Amino acid sequence: MSAPAVRLVDVHKAYRRGAQRVPVLAGLSFDIAEGEFLALMGPSGSGKSTLLNLIAGLDRADSGAVIVAGENLGKLPERLLADWRASHVGFIFQFYNLMPVLTAFENVQLPLLLTDLPRRERRAHVEHALALVGLADRMTHFPNELSGGQQQRVAIARALITDPPLIVADEPTGDLDRDSATEVLGMLQRLNRELGKTIIMVTHDQRAADHAHTIMRLEKGVLWSRDQNAAAVPGRAG
Amino acid sequence: MFFLAMVWRNAWRHKLRSALTLVGLVVALLAFGLLLTVVDAWYQGVNASSDKRLVTRHSVSLVFPLPLNYLGKIRAIEGVRATTYENWFGGIYKEPKNFFPQFAVDARTFLQIYPEFRLSDAERDAFLRDRKGAIVGRKTAENYGLKVGDNITLKGTIFPGDWDFVLRGIYTGGRESTDESQFFFHWQYLDEVVRQRQGARRASLVGLYVSEVEDADDIARIAAAIDAQFANSPAETRSETEKAFQLGFVSMSEALVAAIRAVSYLVILIILAVMANTMAMTARERRAEYATLRALGFAPPFLATLIFAESLLLALLGGLLALGLTYPVAALFGQAVSKFIPHFVVSPQTSLLQLAAALAVGLLAALIPAWRAARVNIVAGLRAVA
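Protein sequences, first through last, are from chains Z and Y.
1 is the number of the first residue of the first sequence in our numbering; add one for each residue after it.
1001 is the number of the first residue of the second sequence in our numbering; add one for each residue after it.
Treat the hints with caution; some may be incorrect.
Pairs of lysine to any residue residues, derived as SDA-like cross-links and limited to a Cα-Cα distance of at most 25 Å, are as follows [stated by the list, open to error]:
| no. | chain 1 | residue 1 | chain 2 | residue 2 |
| --- | --- | --- | --- | --- |
| 1 | Y | 1147 | Y | 1088 |
| 2 | Y | 1015 | Z | 143 |
| 3 | Y | 1015 | Z | 99 |
| 4 | Z | 220 | Y | 1377 |
| 5 | Y | 1015 | Z | 105 |
| 6 | Y | 1052 | Y | 1301 |
| 7 | Z | 75 | Y | 1301 |
| 8 | Y | 1339 | Y | 1179 |
| 9 | Y | 1339 | Y | 1157 |
So, partial list: chain Y residues that the calculated Cβ filter (under 8 Å) puts toward chain Z [what the hints assert, rightly or not]:
| no. | residue |
| --- | --- |
| 10 | 1002 |
| 11 | 1009 |
| 12 | 1010 |
| 13 | 1013 |
| 14 | 1289 |
| 15 | 1295 |
| 16 | 1296 |
| 17 | 1298 |
| 18 | 1378 |
| 19 | 1379 |
| 20 | 1382 |
Just so you know, these hints were derived from the structure itself, not from any lab.
Computed from a predicted structure; not experimentally measured.
Beta carbons: idealized from backbone N, C-alpha and C, even for Gly.
In isolation and in its complexed conformation, chain Y is listed as follows (with noise of 0.2 Å):
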């Protein structure tokens, strides 16, 4: 109890020099939180595909797209219980800024193959029996205001001139992963009027075919079968899972990503120098007090250990600071940037290394001070008078 009382006093001894110090403990820990979020934010993809999921896309690149008519001799293969698929839509809501991912997507199957996009049975039975209908996330509808039975208009960029909608349904998630920022359509829509504008050449063409196989274990014989079908045709094919697709589209942003890490632990090493400055500020100006300390016979460990808690403390109390804060600024970051990054949820693991990174910080920036405060000569020490 002494012990601890003299810790806490001693740390509040400059109360602007600690203020400060754990101010600057607080904005590197939320800040490192923050990052590791936008980081995770990145991986939501990933971390929201499903195991008994395959993707089916040009071996080429996903700018090319396949026949319609290999969807009778994907469904055909042992194994798997259910194919759809889908285009990547691309157009415009009013302005280029009013970003949402959109897609035309065979709708009784997409809504069979990901259950996770929920819909209530009435939307759902509004939306597959209007050819125009579509269904969008509950993030977008509230960013944009829409409501079931809005008229939305979307101006082409890949499938060009204006495409009429009427919102059907706005699903929410079924799992805390899942992007509630989408918008879907019919694909059949898509294609009907391709086929008028454009001609039966441009017709009955899909991005991708998603699969879902009656067993995981079994997927990647199912992914080779696939492959080995349209082998050798002018549409060749790769199929992978679906986490290895999401993941494919990380790595094309690796180096941002890598970028944001190494610039969250940047932040912490920064921390880590200004505390370590305090801490050896502190421990400098103590150094009488240690001398008689020692000279009243407490042992070099105890000096270490006064320095080491005294650290530790600050750490731990920007730390708690910290993960207190960062729900809700990243629930207030998430706001600001849900238009382009749908999922900004702050994860159990990101709090744990928040706090882990505070006591290590703590723990580093007392190491020195501490040696030098255990090795503290006691006749030099007593000869220097705070």
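Chain Z on its own, in the form it takes in the complex (with noise of 0.2 Å):
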């Protein structure tokens, strides 16, 4: 049996307000398999978010372990960590987080500039990648110009492009109207089941959730349920 993709261990997180102290993630233990697609669901402030930044290595555990990708996050030094997150994650956010002044193209080959890849292998894999996502006659446009699906889509070809075995989303239909979310969400099964991302995707769309395998709801900081979504599991959709 495979080490999971990801691994919590008694994970505790707090945030301060003024003299307050808010705990927000209360001992929380699961693991994540490889290749999965997990969706987490929860109220407003049932620490969603945090949990997701913790397992992309975006924030630290009070205490506790977060072990990704047999790596525990919370020894690394800030320098590793950032390496880290460039190497193993794919980031998509429900805003997209596009730079505006970079065209579709540019955006996606940024973080390509983190590594030793030559030019011309840059320009091949982003055009690979726009491609994947259907906008490879969209490479000279700038965010302004494209609809939020497609700004959306450049955003999932730039969480591809480094080929990093985990992509977390944060509300990724959020921000768009169905259609656009539908074709996101499907692109989001093809790169799970085609290329075997691990996907862990956080929202409030139950439409969204049911496109994952998995189906984690959080209440408090801790875990609620975790149930597997028949429907989307491939071999098991009746």
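With the hints as a guide, bring both chains together as one complex.
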């Protein structure tokens, strides 16, 4: 049996609000298998975004261990953690978070600038990634020249470009109309199925969560439920 | 290349804001350059002075004249090559507003000691031959449309009455710093008329002596020897190098020069505040972008460099534009004030200072925003959606 893509062991996290300490995650422990497509759900303030940030190496737990791809993130110094993120995690945000002064091509190319890839290879990778998300003809467009759905597809291409094993998506369809949302979710499913990416997606939207294999619900910082979504697991659909 | 393109595009994201900041920078750096040039102009007499010339005047004040019979005694001092003498005239040409410096000089020795006042041989001969002859600098001649052969009348203030001259030459400066606004005529003419109008008691007096020495290194000894010669006389002397003499004039207006200098640096401080504000706003607006770049794996120094580069780009553009504008604006300004500031020329040091000020503004303005961007909290930054 292979090691899990993500393992959390008794993870605690709290924020300070003035003099007050507000607990967000209270002793979370679970595994996420490699190649899983997991949807994190829960009401506002339940800790799902905090959990996603910990798994993505954007934030650190107060106690406990967050082990991703065999690396205990709490033990990595800041500099190495940044390098680790660059090579292991692809990010998809609710508001796309593209650089407005860069074209679609340049935005997708950004993570590759941290690698040693020569210019020609970078170009080939970017063109391939943009073709994969159906935007080969929009390479020279700036974000403000693209629709919301197209911008999110550029963000997906950017998340893919370094071929990371893990993709984290924070409300990826939260700012999209239904058609664009369906398109983006379909794309995430393809990444999971065809490229074997482990995907963790935070969402409020049950329809979006229905695209995932597993739906995990958080409530006040603790794991409330973890359900298999038979309809979305290949081979188990009716 | 990619980095530079990103910096360039970032710099022009808010075109109006960047353009206004740039205009502010250009105006401030232009003002800085012009003010420094005004200060330089103040020191023009000092810069134009020779290290081989020695000025001897009354020890109490320039207001008191010295007897003409000191001339032979000064010339006799070892190490003195030549000596000339002159009087400030202070006449009015047509109207009091038409100011230019006028001196009665011993023409032959004056032209020998001051070779930087250049005349053609014909003009020089005509001037030396005519007791009522005068020469004037190119700038004053241009200002008042004076031509060789013109009759010029000055109304005396120190030496009352109308004084008639014939313009025999228009000199040009042998050096860039030579004052081309002065008017010279024969001391002998002045002395003759003063003797007629005011009597012998007011005649044979000179304002100051200027000696040329053989060896510049010997100038302190010669100055001491001259002053010793006239010690305990009714008109004791004070001898100093021409540079020290000119500096004495500048020191009279030292407070004004210091104020101009202070204002010039204040202008830079103001534009620094404006630029820092622009960069702070820029960095604040892009918090989410910086957080995204950090999330993608870019290190804090990259973000700091991004901000420094953008700030330096704007500052450098402003600096170069200001530099390009300073010369034509200074030329126009110089023309407008040529009566009062005869030598208004932007020095290479001033241009370098302008450029250095621009770069300093660029660097300092980016300091705090760059530091903040480098320390951006990724999680909080990602929530700050622009």
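Out of the numbered hints, which ones does the structure contradict? The structure conflicts with hint 6 only, although it agrees with all the remaining ones.
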